[in-house]
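Novice: For reference, the chains in residue letters:
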Amino acid sequence: MSDLRLDTVSFAYGGKSRETLILDRVSLSIASGQFVAVLGQSGSGKTSLLNLAAGFETPTAGTVSIDGRIASGPSADRAVVFQDDALFVWLNARDNVALPLQLKGIAAPERRRRADALLASVGLAGDGDKSIWTLSGGMRQRVGIARALAAEPKFLLMDEPLGALDAMTRERMQELLLQVWHTSRTGALLITHSVEEALFLATEIIVLAPQPGRIVLRTGVAFGARFLAGEPARRLRSEPGFILARETLLAAIHGEATAVAA
Amino acid sequence: MTAVEPTVILSKPKRPPRLRLELRPFVPFGVATAVVTGIVILWHVASSSGWVSPVFLPTPERVVQSFFALMVRGYVGSTLFEHAETSLWRVLSALFFATLFAVPAGLIVATSPVGRGMLDPVIEFLRPLPPLAYLPLVIIWFGIGEPAKVLVIALSMIAPIAISTATGVRSATDSQINAARAFGASRLQVLRHVLLPTALPSILTGIRIALGAGWTTLVAAELVAAARGLGYMMQSAAQFLVTDIVIVGILVIAALSFAFEAILRIIERVFVPWSGHR
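In order, the protein sequences belong to chains C and D.
Residue 71 in the working numbering sits at position 71 of the first sequence, with consecutive numbering throughout.
Residue 118 in the working numbering sits at position 118 of the second sequence, with consecutive numbering throughout.
A portion of the hints provided could be inaccurate.
As the list claims (entries may be wrong) - If you want a taste of the chain D side facing chain C, the calculated C-beta under 10 Å gives, among others:
id, residue
1, GLN176
2, ALA180
3, ALA182
What the hints assert, rightly or not - Here are a few chain C residues that face chain D, going by a calculated C-beta distance under 10 Å:
id, residue
4, ALA79
5, ASP85
6, GLN102
7, PHE242
8, LEU244
For the record, the hints were derived by calculation from the structure and aren't laboratory data.
For every residue, glycine included, the Cβ atom is placed at its ideal position computed from N, Cα and C.
Sequences and hints are given; from them, build the entire structure.
Specialist: Here is the structure:
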């Protein structure tokens with residue numbers, strides 16, 4: 001069991017002078033096997049939150065820690081999936097997935113074997129030799145997810161990973177993401193605009209209010225667990241409980257926070 | 001019958017296409033061939049009919065003759081091949097040294113604020129300067145030997161390569177750099193695995209631009225106390241109004257630059273097939 005913890009983290013551009021406060025005393029923790037989704041309008045500091053959790057940015061106040069130890073800067077125990085997929089276009093799909101292993105100093109045949117296995121786990125078996133620019137948006141994100149998992153991270157941090165995909169691909173990718181996360185037993189943090197995506201995937205949902213970003217709502221959810229237990233996705237998504245939760249979250253996002261039936 | 005009417009309106013008779021589609025790609029090539037042929041014919045007529053004095057414009061046939069004479073007997077002590085070889089060698093060694101300096105310089109400018117402060121003034125100082133402006137100074141400092149010529153040509157190549165490298169490095173996205181950092185990559189590994197491959201297509205473009213500048217500078221560098229080289233050959237010929245050799249020199253330099261361009265395009269296709277893709 002590992003635990004990634006943000007403790008009363010504030011973040012401002014302009015350093016100590018705090019010209020623009022982006023996040024105001026945000027606390028959250030992600031344990032292995034947990035899936036935390038962060039919702040909020042544009043400008044609520046969602047991406048800053050992820051950048052802090054990943055170690056790309058340093059908090060102005062508060063701490064980011066992993067298993068009780070302060071984490072400064074990025075490290076291989078937290079992998080990131082980006083909205084723009086951030087793939088390396090000069091490498092083929094397999095070498096993209098193998099790059100984290102290469103940086104760890106793992107030998108080429110072993111890298112290749114593990115990269116192919118990871119590609120297969122995201123449904124891209126046999127696509128290893130393909131050039132990145134020949135892949136569709138959905139396939140590229142799959143490569144990005146496989147690459148993130150390659151370093152065997154304890155935490156999977158995702159910044160709108162499905163945001164650029166069409167609606168149909170997006171639903172299929174959500175199911176894939178759930179399965180991959182479940183098998184990898186990592187702790188996941190998902191930044192998203194989509195309330196339905198958060199409801200379907202997360203075990204816990206956090207809603208941020210904008211300017212400055214602060215937590216206005218936390219709630220536990222279990223639709224993803226039920227999908228993994230075998231319930232059909234469409235039935236879950238059209239269930240009254242799902243729709244009610246969706247409306248409640250939407251109200252919270254738009255600043256009409258009321259008591260939530262979780 | 002009324003139901004058919006819209007179809008009739010929509011399928012208004014089209015004029016048949018004037019050229020069949022398969023021929024389209026060959027149109028520019030055909031036009032180019034026609035233009036070149038036209039120029040050569042005009043040249044021939046102008047020089048052989050006496051409109052223009054043969055001293056200023058020898059006939060195309062005369063130029064071809066000189067070309068072969070240059071290959072066999074040579075001019076001012078060397079054959080055409082030897083002149084071309086010397087010039088080629090100068091341009092290529094200049095390219096080698098310029099790349100050796102300019103690619104790291106571009107990487108440093110794009111990645112380190114201190115390095116940028118140190119190197120940007122040098123690059124920005126060199127960039128707009130015509131090579132002929134610093135040629136006299138280089139000669140005072142380094143003499144009239146081979147190193148001075150290579151140096152002048154290299155100086156003219158540094159700015160384009162360094163600037164293209166820096167631009168290429170900056171085209172790496174934040175998320176690509178962050179992705180590598182999240183895999184535990186060190187600064188040096190980010191450079192090696194992300195920034196350098198991202199910059200590679202730009203570096204090749206920079207080299208292409210630099211070669212253009214290099215050929216320009218070559219002729220200038222060979223004006224001063226050279227004993228061999230295409231620029232020297234042309235300059236010597238010009239002093240005695242041997243216009244046909246000057247024209248041969250121009251055509252040979254054009255052919256060489258064209259060959260370089262073609263080789264670089266092949267290198268680009270083979271080594272950076274991702275160029276232009278994201």
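Novice: When the structure is checked against the list of hints, which entries are broken? Sort them ascending.
Specialist: Numbers 7 and 8 - these are the hints that the structure violates, sorted from lowest upward.
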